[in-house]
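Q: Line order of the protein sequences matches chains A and B. Quick note: the first sequence uses the working numbering, first residue 1, plus one each step. Quick note: the second sequence uses the working numbering, first residue 1, plus one each step.
Hints are computed from structural coordinates only; laboratory data are not their basis. We put the CB at the ideal spot given by N, CA and C, even for glycine. Don't take each hint at face value.
Which bits of chain A does chain B cover? Going by a derived footprint, with three or more residues having C-beta under 8 angstroms, they are [stated by the list, open to error]:
#, region
1, 40-52
2, 56-62
3, 104-112
4, 126-135
5, 209-219
6, 302-308
If you want a taste of the chain B side facing chain A, the calculated C-beta under 10 angstroms gives, among others [what the hints assert, rightly or not]:
#, residue
7, V56
8, A64
9, S84
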Amino acid sequence: MTFDSCREGIRLAVLQSRGDDQSQLRRIASLSVIPTFAVSGISLVVLYWYAIHRPGVDIAVVIMYCLGALLEILAEPFYNLYYCRLIMLPRLRSEMAAVTCRSVATFLAVVVADYGIRGFGVAQVVYGGVYLFVMLSHVSMLTADGAPVRLSSVLACVTPSSFMHLLKCNEGGCDDLLILAAHATASSLLKHILTEGDKIVLSISASHFNQGIYAITSNYGSLVARILFHPIEESCRVAFSRMCSAGGHAFNEKIASFSVLNRRSRSSAGGSAGQAVAAGGVRTRSKSKLTTFDKENTDDVALVEATIASMAELLTAVLRGIVLFALLFPVIGSSYCRVGVKLALGSEWYMDETVATLSTFCFYILAISINGISESFVHAVISPKSLNTFNMSLVASWVIFMGSSVPLMARFGTSGLVMANALGMTLRGCFNLYFAQSFIYHACSCDTRSLNVEALTDFNIFHSAFPPIQVCLGCIVLFIVCLFSGSRFAASNMLAADIAVHIGVGIVCGCLYLSLVWIYCRSNVTELIYSVRSRGKGHID
Amino acid sequence: MVFFNQCIVIYSWLKYRDMGKSATSGRVSADAISGAQHLIMSNAFQKICTFALNQVMLRYSGPAVFGLASIELELLLSTLLFLSRYTEIGYIYFIL
Chain A
1 MTFDSCREGI
11 RLAVLQSRGD
21 DQSQLRRIAS
31 LSVIPTFAVS
41 GISLVVLYWY
51 AIHRPGVDIA
61 VVIMYCLGAL
71 LEILAEPFYN
81 LYYCRLIMLP
91 RLRSEMAAVT
101 CRSVATFLAV
111 VVADYGIRGF
121 GVAQVVYGGV
131 YLFVMLSHVS
141 MLTADGAPVR
151 LSSVLACVTP
161 SSFMHLLKCN
171 EGGCDDLLIL
181 AAHATASSLL
191 KHILTEGDKI
201 VLSISASHFN
211 QGIYAITSNY
221 GSLVARILFH
231 PIEESCRVAF
241 SRMCSAGGHA
251 FNEKIASFSV
261 LNRRSRSSAG
271 GSAGQAVAAG
281 GVRTRSKSKL
291 TTFDKENTDD
301 VALVEATIAS
311 MAELLTAVLR
321 GIVLFALLFP
331 VIGSSYCRVG
341 VKLALGSEWY
351 MDETVATLST
361 FCFYILAISI
371 NGISESFVHA
381 VISPKSLNTF
391 NMSLVASWVI
401 FMGSSVPLMA
411 RFGTSGLVMA
421 NALGMTLRGC
431 FNLYFAQSFI
441 YHACSCDTRS
451 LNVEALTDFN
461 IFHSAFPPIQ
471 VCLGCIVLFI
481 VCLFSGSRFA
491 ASNMLAADIA
501 VHIGVGIVCG
511 CLYLSLVWIY
521 CRSNVTELIY
531 SVRSRGKGHI
541 D
Chain B
1 MVFFNQCIVI
11 YSWLKYRDMG
21 KSATSGRVSA
31 DAISGAQHLI
41 MSNAFQKICT
51 FALNQVMLRY
61 SGPAVFGLAS
71 IELELLLSTL
81 LFLSRYTEIG
91 YIYFIL
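Build out the structure end to end from the sequences listed, making use of the hints.
A: Below you can see the structure in the form of structure tokens.
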């Protein structure tokens, strides 16, 4: 998403800078052809590399993947033209049609025709072909100077002279765009490496078998994150951003002056009291502070107080709510992976490696949930000052993931990679929580007398997000019961009756867990449900 | 995630497109909402179908084949597309 935004931002800035419809069309078409040449050149290098260094991989499949990429890239001029004219329907239709056709083609090639790995290659070519075809079929939606654009006129733009024209168009240069292009490229490259980190590690150090186990686990595990956690994260993102906007000028100044690594930013705003908070102690307000209270700023201060109090309240409530919900997966779900794999995936996948990896993923889900919510807060309040620190934390977590993945994989197999992922994600989550806590202290370090804010200075987000001790003890008991049920009823050769009993135990344990949560954390659950429902309205009050 | 985004994009696009045509026409708004609902439903149907097909396909392909296709070759594809698209940005960088 960020990658696309950067790319499109640069394109729009350059392509729409000047000129009439025709010259704009020429610029877009000319510029968009560059990736076609690039993909051809890079494909040749890739094919050569695979032929020399990867003799185990069928070269025909690699050729098919390169061909699929080439077909997809051929649609690039049209993609850009639609984007620049804000025509979204062709893009939506092409993506939808291409994904559907790829699924059908994979099914036919792998299941019906039994092509094996070549079936996936065929499906990729089908994806590229359908994507290009649907993009081309909508070209009549484009207009230039009031007249519909024809396919031939777009293709006619792609000549050597049009490249020269493009060069002339941008003579004189623009420093801002140059810097923006460099930054966008660098950050997107970093984002690409961070996103594909696990695939890079697997491709280098794991067998295709282990890659398959990880892929299936990741597909199923990320379903939970996408379907259950993502809507909550999105609603929190919107809510925090709206709260920041409603916080007024004084609150935005707080955001701008905050730097997570610079303790002076806190102490300068809050004086000795701020330093005490930064050191982790309880904030003590000096009387001299109260006497210097500026009455003209009472409204601003009250608004800052109200904003920070409501943000902290929402963050802790949703964080605890989602932790309570995510705990279901490690506590109960991890003991049901064996049954799940047997029923959903069949005998090809039913092996200890798959079960162990999926069980480990259940614990990883907890880290994903904490990171998602805390990151939505950080994204809302992050200032340009703190952006570099935040990016550095991402890089640091990636380095730790990369560093730990190889030894963990050697020790635990595919589960080791999930453990390394969980480690990296936990570090990211911890940084986000530390950031959130520091920001709340920083925002509180103004001249206020509110009881709410005094309470916030004792605020410890790590403690607030942690479930009550009764729930934790209940989790341990339920985990042991499910584990025992799994070892008793869900051994390697389980019968239908055993599976039924095991599932029955799971349902009872689930109900007991929900009862515990309802008794001890009802307010967090209602807050979480409210935040999900508010998503439809686009806000959380 | 992509599905939710698509739904929002489809709905907003239809809504604002028709607002541009005629802000006061209730009929057009109703058509827009109906069109959005149709697109969202078809998108949901497509997701369910592809999920079911993939589920069946998984039962027939072993871990090694699926691993090669969904990890190594997917990485190859995404890197190929990334590098190709960023050549364009590099070109902009060069000509500015």
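Q: In terms of beta carbon proximity below 8 angstroms, does the region 209-219 of chain A have 3 or more residues touching chain B?
A: holds (count 9)
Q: Can we keep the B:V56 interface hint, with Cβ of chain A closer than 10 angstroms?
A: Holds - the Cβ of B:V56 comes within 10 angstroms of chain A, reaching about 6 angstroms at its closest.
Q: Mind checking, does the region 40-52 of chain A have 3 or more residues with a CB under 8 angstroms from chain B?
A: Coverage by chain B holds for the region 40-52 of chain A (3 residues, Cβ < 8 angstroms).
Q: Tell me if chain B covers the region 302-308 of chain A under the three-residue, 8 angstroms CB rule, please?
A: Violated: only 0 residues of the region 302-308 of chain A have a Cβ under 8 angstroms from chain B.
Q: Tell me whether the statement that chain B covers the region 56-62 of chain A is true, taking a Cβ distance below 8 angstroms and needing three residues at minimum.
A: Coverage by chain B holds for the region 56-62 of chain A (3 residues, Cβ < 8 angstroms).
Q: With a cut-off of 10 angstroms, does the beta carbon of B:S84 approach a beta carbon of chain A closely enough for the hint to hold?
A: Constraint on B:S84 satisfied, holds at 4 angstroms.
Q: Under 10 angstroms, Cβ to Cβ, is where B:A64 needs to be relative to chain A, so tell me if that hint holds or is violated.
A: 4 angstroms, holds
Q: Count the residues of the region 104-112 of chain A whose Cβ falls closer than 8 angstroms to any Cβ of chain B, and tell me whether that reaches three.
A: Since three or more residues must qualify, the claim that chain B covers the region 104-112 of chain A holds, with 5 doing so at under 8 angstroms.
Q: Confirm or reject the coverage of the region 126-135 of chain A by chain B under the rule of 3 or more residues with a beta carbon closer than 8 angstroms to the chain's beta carbons.
A: violated (count 0)
Comparing the model with each earlier hint shows violations of hints 4 and 6; every other hint is respected.
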